[in-house]
Amino acid sequence: MDELKKQLIAAIPQMMVYARSRVGHPDDANELVQEALERILKRLPQLVGDDINFIAYGKRVVRNVHVEKWRASRRTIQLDDAEFEKACIQPGVSTSYIDTLKVFRKLSEQCQSLLGLVAERYRYVEIAARLEMSEGAVAGAISRCRSAFLTFMKGGR
Amino acid sequence: MGPKVLTLEEISRYVDGELSEDRRREVEFQAESFNPSREKLNDHRAAADQIASLFEEIVFNDPAYRSFVRMVEDFEPRSIDMDIQAIRKLIPDSDRLRRILDELATGIYGSVSDVSMSMMSLERAPSRSDDIDLSAKSERAVNPSRIGMELARHLDEFAGINGQFVRTVPACHDSLRKLENSVMALRKILPEEADPEIAVATVCIEQLVQEGLPGAKIMLKIIQGESVFKRDYQMAVREITLFIESSR
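Protein chains in written order, with this note's numbering: chain Z, 1 to 157; chain P, 1001 to 1248.
The hints are simulated quantities; they were obtained by calculation from the structure and are not laboratory data. Glycine included, each C-beta is placed from N, C-alpha and C at the ideal position. Do not take every clue at face value.
As the list claims (entries may be wrong) - Distance condition first, Cα-Cα at most 27 angstroms in a straight line; then the derived BS3-like pairs of lysine-lysine:
id: 1; chain 1: Z; residue 1: Lys106; chain 2: P; residue 2: Lys1040
id: 2; chain 1: P; residue 1: Lys1040; chain 2: Z; residue 2: Lys102
id: 3; chain 1: Z; residue 1: Lys69; chain 2: Z; residue 2: Lys5
id: 4; chain 1: Z; residue 1: Lys154; chain 2: P; residue 2: Lys1040
Said to hold, decoys possible - Pair ranges (Cβ atoms, derived):
id: 5; chain 1: Z; residue 1: Gly140; chain 2: P; residue 2: Pro1196; range: 49 to 57 angstroms
id: 6; chain 1: Z; residue 1: Lys86; chain 2: P; residue 2: Gln1210; range: 47 to 55 angstroms
id: 7; chain 1: Z; residue 1: Arg123; chain 2: P; residue 2: Glu1039; range: 25 to 33 angstroms
id: 8; chain 1: Z; residue 1: Ala129; chain 2: P; residue 2: Ser1145; range: 46 to 54 angstroms
id: 9; chain 1: Z; residue 1: Ala129; chain 2: P; residue 2: Gln1164; range: 33 to 41 angstroms
id: 10; chain 1: P; residue 1: Glu1028; chain 2: Z; residue 2: Arg121; range: 19 to 27 angstroms
id: 11; chain 1: P; residue 1: Asn1035; chain 2: Z; residue 2: Glu132; range: 36 to 44 angstroms
id: 12; chain 1: Z; residue 1: Ser73; chain 2: P; residue 2: Ser1020; range: 48 to 56 angstroms
id: 13; chain 1: Z; residue 1: Lys86; chain 2: P; residue 2: Gln1234; range: 49 to 57 angstroms
id: 14; chain 1: Z; residue 1: Phe152; chain 2: P; residue 2: Asn1035; range: 21 to 29 angstroms
Claimed, not checked - Here are a few chain P residues that face chain Z, going by a calculated C-beta distance under 10 angstroms:
id: 15; residue: Thr1007
id: 16; residue: Val1015
id: 17; residue: Phe1055
id: 18; residue: Val1059
id: 19; residue: Asn1061
id: 20; residue: Phe1075
Bound-form chain P, shown alone (with noise of 0.2 angstroms):
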């Protein structure tokens, strides 16, 4: 085989040790036989003995990294830390959240929780699962009987596939009664009247989304004021898709 030109990602390959002993050996014969390629080949090992100097630096001789590496280590959640956990997973709209914490703390102490505010508020992780950001939300106005029968059409629309799910999922039984229930009260209720009763119908809609039931989270989109897209639809069709073909 005569010299040929080495690419840079079989520079790359070659100088991170990402290649078989065969075809190290063969970039090393190209490398040798051409000297342009010899260069590159030079120029990357150098670039990345420089870069690994810049993590060496820190993880070899600057101190502060130990006392962090510590810091994560020595790390214990407080209790309460669990418990806010717990409550995430269960209502993930922070504002829902925030104010059920300020209700609770305002029979309790008589005033709002600057503590539970904070804790709500810190940056939110990249999750990969859960992009949206629940802090960039406003106060909505809440009309409760717009929200029962939105929720009412869609329980409509999805029976079929709700009564399948109960059938493969029991559990969600419940869950789905409760909401049906808390849907019609909605539809009557009078808006300062209705927050409760949003909060229960949250809670079952979190659950039902956590399940797996399709279409749930346009549930979840109309309870949080937000608007329904043809793609959410096209979305709850494939979760369908999918589910009908899982529980065959």
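Here chain Z stands alone, though its shape is the one from the complex (with noise of 0.2 angstroms):
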């Protein structure tokens, strides 16, 4: 158990960011992260023994919890960037910061964690165990994702 424990809070701050790349407030989105983890937690004991991803596993509760809560109130779930930087300015928050935020948002799930997994500084090797992908898969598709990520930084497609 502690050892799921120790597991599930390494993808926190995941969670957190995918949270904000999905509706843009801060508070929105810790409001999503609240409500995965606490559906993630009602399970765990019965995840004990089980080989868990627990990025993936807490990003696809994230995105549940947004699909359903957003859908029940008639809210939009799919932002533009405009309804998306509007969801984000908030006091505190830099305009580089939303200028990131909108463009790591436009990355895929896969790139999204590898980046974020080197932005949290775990090595290559260990983001390599994490994802059940080789070492030199791993270093392969961070470089494509960081050009992806400046290619859309700088207005591409």
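Could you fit the two chains together into a complex? Lean on the hints.
Printed below as a string of structure tokens:
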């Protein structure tokens, strides 16, 4: 159980950035993460002994919570750039942060995970073990994802 | 060595601190000597810093992060959750488990247990070892006689390997005997009386799957009413090969 808790805690930053990249507003994003964590914790005892990828699992639950809650309250799930920017603008949130998040959300989920893990200072070999990839594949994928990020940053598609 | 264009992978490895000291110096030399390489390296470094700032903002500046960490650290499972976990390990088929829990709840409380139902129907984690979405299964019409015939045929086909397995793992002897008796009963039983016998057979098969009996997963599919394909038999043959190699 302690090991599972440790792995879940390690996935929290990824879940939080993912939630922010979906809804923009930090409070709304944290609400999604809170609900997602409650759901995962409720199920945690049943996962003892299983080999869980908590980053993928956590993001999936965040996504499910987002879709369920937003649909129930008839809110738009897919925000365009302007709506997303509007949702992000809060006291204390810098424009450069919003610009980065706007680009980050355009990346595939795998790219988000890879660049997120490397941003959290995980070594390639650790990322490879977590995502069940070879170390070489991680290196190649990170360079491609970062190039995609730069392309989006410069306004490309 | 003259200047060369740095590859994206070299740049990424450099930016992420994944190169040896010699290789780092070489990349720096190449970047200094060739403008396009230097620009690319600077761009990638800036991108890495920007993305890192997304995470730093959350970990260092958002108080919600601390409260989420505490929420997980302080979590203590209830004893009923631990019991459910043990039961789920024995009977992973959520349909069948739900039926058994309902039967038990009816006996104790006289009504269906909503609590037990909700515990079984949460999102499933993406387990690498178990990617079958049990929650997607719908109610099936149970034909105990057909299940009994198919299981009997399977036990017959795998009799040799079952015997060898029991010699290697004597603890499985009882499960196999109990399963054989259950299979005999299923061939003659009335559909409306079959559930307890199917439950017994399921538990036996589950134990055999967990112990690693080659081909046991085919029996699991049969009793769960799923189709058995050629690839299931190919997988069983592979399991048999590995088992024989391991027991040499």
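Going down the list of hints, with the structure as the test:
1. Z:Lys106 <-> P:Lys1040: holds (21 angstroms)
2. P:Lys1040 <-> Z:Lys102: The given pair, whose Cα atoms are some 22 angstroms apart, holds under the 27 angstroms limit.
3. Z:Lys69 <-> Z:Lys5: Distance of about 26 angstroms is within 27 angstroms: holds.
4. Z:Lys154 <-> P:Lys1040: Holds, at roughly 13 angstroms.
5. Z:Gly140 <-> P:Pro1196: 49 to 57 angstroms: Cβ of glycine 140 of chain Z to Cβ of proline 1196 of chain P: about 55 angstroms, so the range 49 to 57 angstroms holds.
6. Z:Lys86 <-> P:Gln1210: 47 to 55 angstroms: holds (53 angstroms)
7. Z:Arg123 <-> P:Glu1039: 25 to 33 angstroms: holds (27 angstroms)
8. Z:Ala129 <-> P:Ser1145: 46 to 54 angstroms: Distance hint for alanine 129 of chain Z, serine 1145 of chain P holds at roughly 49 angstroms.
9. Z:Ala129 <-> P:Gln1164: 33 to 41 angstroms: Roughly 36 angstroms apart at Cβ, these two residues keep to the hinted range, so it holds.
10. P:Glu1028 <-> Z:Arg121: 19 to 27 angstroms: holds (21 angstroms)
11. P:Asn1035 <-> Z:Glu132: 36 to 44 angstroms: This hint holds: roughly 39 angstroms between Cβ atoms.
12. Z:Ser73 <-> P:Ser1020: 48 to 56 angstroms: With Cβ atoms ~54 angstroms apart, the hint holds.
13. Z:Lys86 <-> P:Gln1234: 49 to 57 angstroms: Given range 49 to 57 angstroms: holds, Cβ gap about 55 angstroms.
14. Z:Phe152 <-> P:Asn1035: 21 to 29 angstroms: 24 angstroms Cβ-Cβ, so the 21 to 29 angstroms window holds.
15. Thr1007: OK, holds: threonine 1007 of chain P within 10 angstroms of chain Z, min 8 angstroms.
16. Val1015: With Cβ-Cβ at 8 angstroms, under 10 angstroms, it holds.
17. Phe1055: holds (5 angstroms)
18. Val1059: Status holds, d = 6 angstroms.
19. Asn1061: Because about 8 angstroms separates asparagine 1061 of chain P from the closest Cβ in chain Z, which is inside the 10 angstroms limit, the hint holds.
20. Phe1075: holds (5 angstroms)
In summary, this structure violates none of the numbered hints.
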